[in-house]
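4 protein chains.
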Amino acid sequence: MTETPDPETLAQRVQDGELRLHELDDEVDAVTAAAARRRLLADETEADLTTVADYAFDAEQATETAVENLIGGAQVPMGMVGPIQINDGDDDGAVSGDKYLPLATTEGALLASVNRGCAAMRNDGGATARVLQNAMTRAPVFRVADVGEAAEVAAWVRENFDVLAETAESTTSHGELTSATPHVVGDSVFVRFAYDTKDAMGMNMATIATQEAADHIETETPAELVALSGNLCSDKKPAAVNAVNGRGRTVSADVTLSRETVADVLKTTPDAIAEANTRKNLVGSAKAGSLGFNAHAANTIAAAFLATGQDIAQVVEGSNAITTVDVRDGGDTLYASLSIASLEVGTVGGGTKLPTQAESLDVVGVRGGGDPAGSNADALAEVITTAALGGELSLLGALASSHLASAHEELGR
Amino acid sequence: MTETPDPETLAQRVQDGELRLHELDDEVDAVTAAAARRRLLADETEADLTTVADYAFDAEQATETAVENLIGGAQVPMGMVGPIQINDGDDDGAVSGDKYLPLATTEGALLASVNRGCAAMRNDGGATARVLQNAMTRAPVFRVADVGEAAEVAAWVRENFDVLAETAESTTSHGELTSATPHVVGDSVFVRFAYDTKDAMGMNMATIATQEAADHIETETPAELVALSGNLCSDKKPAAVNAVNGRGRTVSADVTLSRETVADVLKTTPDAIAEANTRKNLVGSAKAGSLGFNAHAANTIAAAFLATGQDIAQVVEGSNAITTVDVRDGGDTLYASLSIASLEVGTVGGGTKLPTQAESLDVVGVRGGGDPAGSNADALAEVITTAALGGELSLLGALASSHLASAHEELGR
Amino acid sequence: MTETPDPETLAQRVQDGELRLHELDDEVDAVTAAAARRRLLADETEADLTTVADYAFDAEQATETAVENLIGGAQVPMGMVGPIQINDGDDDGAVSGDKYLPLATTEGALLASVNRGCAAMRNDGGATARVLQNAMTRAPVFRVADVGEAAEVAAWVRENFDVLAETAESTTSHGELTSATPHVVGDSVFVRFAYDTKDAMGMNMATIATQEAADHIETETPAELVALSGNLCSDKKPAAVNAVNGRGRTVSADVTLSRETVADVLKTTPDAIAEANTRKNLVGSAKAGSLGFNAHAANTIAAAFLATGQDIAQVVEGSNAITTVDVRDGGDTLYASLSIASLEVGTVGGGTKLPTQAESLDVVGVRGGGDPAGSNADALAEVITTAALGGELSLLGALASSHLASAHEELGR
Amino acid sequence: MTETPDPETLAQRVQDGELRLHELDDEVDAVTAAAARRRLLADETEADLTTVADYAFDAEQATETAVENLIGGAQVPMGMVGPIQINDGDDDGAVSGDKYLPLATTEGALLASVNRGCAAMRNDGGATARVLQNAMTRAPVFRVADVGEAAEVAAWVRENFDVLAETAESTTSHGELTSATPHVVGDSVFVRFAYDTKDAMGMNMATIATQEAADHIETETPAELVALSGNLCSDKKPAAVNAVNGRGRTVSADVTLSRETVADVLKTTPDAIAEANTRKNLVGSAKAGSLGFNAHAANTIAAAFLATGQDIAQVVEGSNAITTVDVRDGGDTLYASLSIASLEVGTVGGGTKLPTQAESLDVVGVRGGGDPAGSNADALAEVITTAALGGELSLLGALASSHLASAHEELGR
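Chains as they are written, first to last, in the UniProt record's numbering: chain A, 1 to 413; chain B, 1 to 413; chain C, 1 to 413; chain D, 1 to 413.
A hint or two may mislead.
[What the hints assert, rightly or not] Partner residues aside, some chain C positions facing chain A, computed with beta carbon under 10 Å:
(1) P83
(2) A150
(3) G186
[Unchecked claim] Partner residues aside, some chain A positions facing chain D, computed with beta carbon under 8 Å:
(4) V283
(5) A288
(6) G368
Keep in mind the hints are simulated off the structure, nothing from the lab. These numbers come from a predicted model, not from an experiment. Cβ coordinates follow ideal geometry from the N, Cα and C atoms, glycine included.
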């Protein structure tokens, strides 16, 4: 039996053109392959990859499921926010009680900001949160001869939902097709398939199921598949279709704060927060031609996505969020809400299996499949949205007090 | 001299209400404080935070600059793509030659996809890339009495650019104010300040400089500052103002591929890729009401941002990207380009100082300030954009071959 | 019995403050009231309203249904385009054969442009057109206590569609409620009601029916109506909700042209038209952050709306249109299509009853209610869309030949 | 000398294929040609075009400047609104005092609605209005070899503004080039030229001047013109580039109303109007993915455009408007504003020369060129915006009172 070649030797073989970078995985174990690649990079770029080499996940598994050409790990500092107090009233929400949420970020002052908002919310009894829709989508685009044929295909899709559902669901043990909406643009027919993907974020489930349904459409109609994703899905693009119709979880959280809490914790008044929200988040976003009417929801979402193993490119859709603020009771009460149209989260599959991320999901108490199925992902969506609402409240408070720059000066650097 | 209290004792004191979570940093060193918080979470949530505790960065520094309430680190597998071959013609681009780029992600098949695209580009002589604009923005919103006063303030801003530049630049040794554009909506006046922030992403620099300029506007005009960010900036929101006018780096990359390369490497034809691009990225995105006319640029951008210490919430703006494809020479040549309107990157400050991220920047060869100032961030922008173009080519090729689902089946899970 | 007072006397009484402008209708017949108002304007502004006074419609009816404070008529030159040749294949479209369409406009060269496109289409056998959806919408906004209550109301709406349909349809003899989709933003609940309004454009029908349904929602749930239109309808605003989901008629038309026809009639090549369409209508619109991916569809729509008695403010939604062009058969064939997401037309009610507009509808052969109900409005939608496609072809041809400015120089002025 | 052939004979010759429709203008005078076309339509469609034949404009002139294939006129009822009271403070606005505005529409209740708003404004001292920018745009698209060349062309444009201005302005006696902004998307370069077109709406002026400048760019750089309009203009499309950066006139109007006026005239309270505005115009439009954050500004704009000879297809851009409402003084005062980003109006050229439209401009007192040049178009923009603000106030008031449906029932039909 031959010995495992050492990284230096392997790197040299790649440099000599005997091996290609990704073929290292065929020669040696993942740990050694990664070491060989780091060696190669050290030679060719003079980068010292010491800390990259210091990772805690299983290299073999990472190579199989997450990255190709593994060289090691990227590390981002992680802190905790909370308790995030959420009330689910008559048990209609997916989560109740006090929750902690890990956030991984390099945005100094972000966690302090979210925590301040959470403190304000706790002060007055906590927040309410609800998942309003659960619809992971995939929209293939088909070619047809002309608009006459397009109309036929669209009609066929509308009339054969049951068949499409049966076909799509044959590929998955959990997912359910909930709608299939045709859209015609000339000789292109798009069909937006929406699925309840339970505790999975569901992009892969939806893709595989849609491939099967698309094959069936090709069989039964004159349509020919051009691309399994036709961008009407729309994945990882800032698109109105998601902001209007939702994608993944559509979720809202809100809270009512007293004037005292606003004064004590947020250091300002309900009126000042309302003015900042209207001029900035509503009017400013309107003038910007934006799909995001919030202060910095993406910050909290990105940090939570990184900590809990979500797909961080889907922060794009997560930013389709609207923050509203009302002053009630003649100025004595502040109502604030955050509604995220397309928050794509899961507690099984993908990055949730990485060790640091799995541990983070344990902190929230939502690791793995929920009971009933989907309840863990619903709960995670509600916790993230509520934390992001805390971040909204805190930043609006800071802006209302003109403290943004100084907050960054003190905390950020 | 007293001994450092142990994490258990500290966690207990927090649980007893004697200490608050963030006050741990006042009591003990950052490492111990993080341990205490993990202990608390272990008690309250039964999460075992073993791998979270295994981090390679300096806890003290992370606490000061990145997160509050540190508990440890999040780790994401990192691989490498490349060589990314970029030609800068007559030395007009910021980068030239072969570059490797680390990408950190949990999106299985992403690196293989980008690498396939890079291989295709190398096959035919490499890509071209250019930074076309460099403009980090911050847009405060002011309150005025009425539209008459608004018109006055807007006129004042237009006529006093030099004064505003001098004022804003007094706060920074590097940044330059390049424009200040007023927008009026009723009794709100927004001024969008744009800066050349050199090698810094520049959000903090822009914020601090704008605070100074905003103070000056308050002094010289009847305008009163409501919020230092009025969302016309627009930071971390999917906004047309960035897609149209740019933010951070505006950068394009393109390549010309032969029919043979498309066949050999991408396993399809120029015509098939062009059709997929038109129906999906152009027509499909049009129908979706999208600001992103690309296949999955956000995937590459997110992975590169995580690896190199950028602000991952700014993937939102990065997705304001357009992919174009032309078939030339009667089908013998494929032209493909990716133009990102608002790619916000830096090589100094923020997350670039974290060890794994700094090492990644060394791989690209752009760590720290460039010479001339700004050239490192420009180069990073060009490398990321070219890698993302590789990802576009590869995914378009896969879609054109209807292989998306199967590719995920094989590589992703 | 007293004589009718003369306009001078009446104008004087208004000027003396004895009568208000709109009270003239209570004093005298509509013709005299209009004369009095013209007299008043002549006195106060020195405008000579001779041609305004020269109108052909019934003043009484106009006063009752179209304008208040009638002073006369606005006249716009009207020409004709056609024949517009439309094939409906197996009788699946709403219209077949050769149609003329009156267009009223001040845009010199527009009719010549549309006619040139129509000639090209006739040359190669005509166009195909299809109405793909018929859904006039109204979306009230309700206030609720919090997101918990919002979730309840949304669920109630989803579960009680039959009741809402019955309630809404009780107000109309023709309209049918086809969907009612709830959207939650914090403590606001929007419900987008969609109706098949047959041959009516249907805004009023939808408003009245929705009022009844909204009353019912108020009775059955804790929701309180804030505004019968909550802008998610969205009427006369440039909104993605219409571009994505449709409003009024969603309609597509297309045509296949030979290289010879493109050369003879459009004076260019399929490739040149395709390039102009891609760079201008697709890429240019993408970069503009547009919902309209066409050359000048709004021109034809506006002119047809004015001629046939449609609501010209709804040209806004009509411009949510995508033009696609494909070159087929190695450059020998040009495929072109126009898909309008939200074309709001009717052949009964509103301005369709005005004499010049009713005559125009007779030219198209679609005046009044169709058999079956809705077929006349469908046919009008298909004719307008096909004419607009003609305009697209012609302008793309002109642009491809760089003739836009000179065409305007010759024809426009 | 031969006699003019009669319409019947001419119609027969067209039907026999001896003459084409548009060639009638070469054979006979415009009046007879129109009669012949009506005869033809009567024969072929059985439409009776009696009222279409009854027009007050000069057929010859209409044929030369407005329509081809003239058949007659379209008539729309026209009423008057006002007085619209506008104050220009220290003479900074373009208009002052009481103005009447003719509106042509078929939207029953619209004029009553605008008038009610004008009455409210008069009650409390009138409105304020300002034109904030004047920038008619045209954006050609050029083809270049690659992004390297694109960067060169963009740089050339930035560095040669003076040359481009001189070139462009050589074609016009009035227009001034105010900016030329390059945008790169792959191998397409768009240059957005903006002009001060004085009292002309300016589309033709801008097109002709831009043709000259584009020719110069072709001469001086490797760029090749593909289309003189590249849709980044963006004309008659709902595009963010106009909503954000403006096109034509950017104009705002506002007013402050007392609680008494709101109660007496608008039959509601400041708080109720503010709530309706926030939930409908801001939050509802946000959720709709809209560029129009107003209630029905397009209604007033469309009616004013038709009455005063503007291009009604440009109502599309006019709808890029934001209505804001603030309650001040603890509920005792209502502040309301309307800001239209892209209102394209002129008082010379185009439809302004038609008789009924010219008379309408006389009513406003802005017919023809102003002194100084541009002041008439500015004034018209301010009057229309203020009238539209009146319409906003009135509809918000009606909605706040839940009276929309009943208002339509009473007044509309």
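- prompt: In ascending order, which of the hints set out earlier in this document are inconsistent with the structure?
  reply: Of the numbered hints, 1, 6 do not hold.
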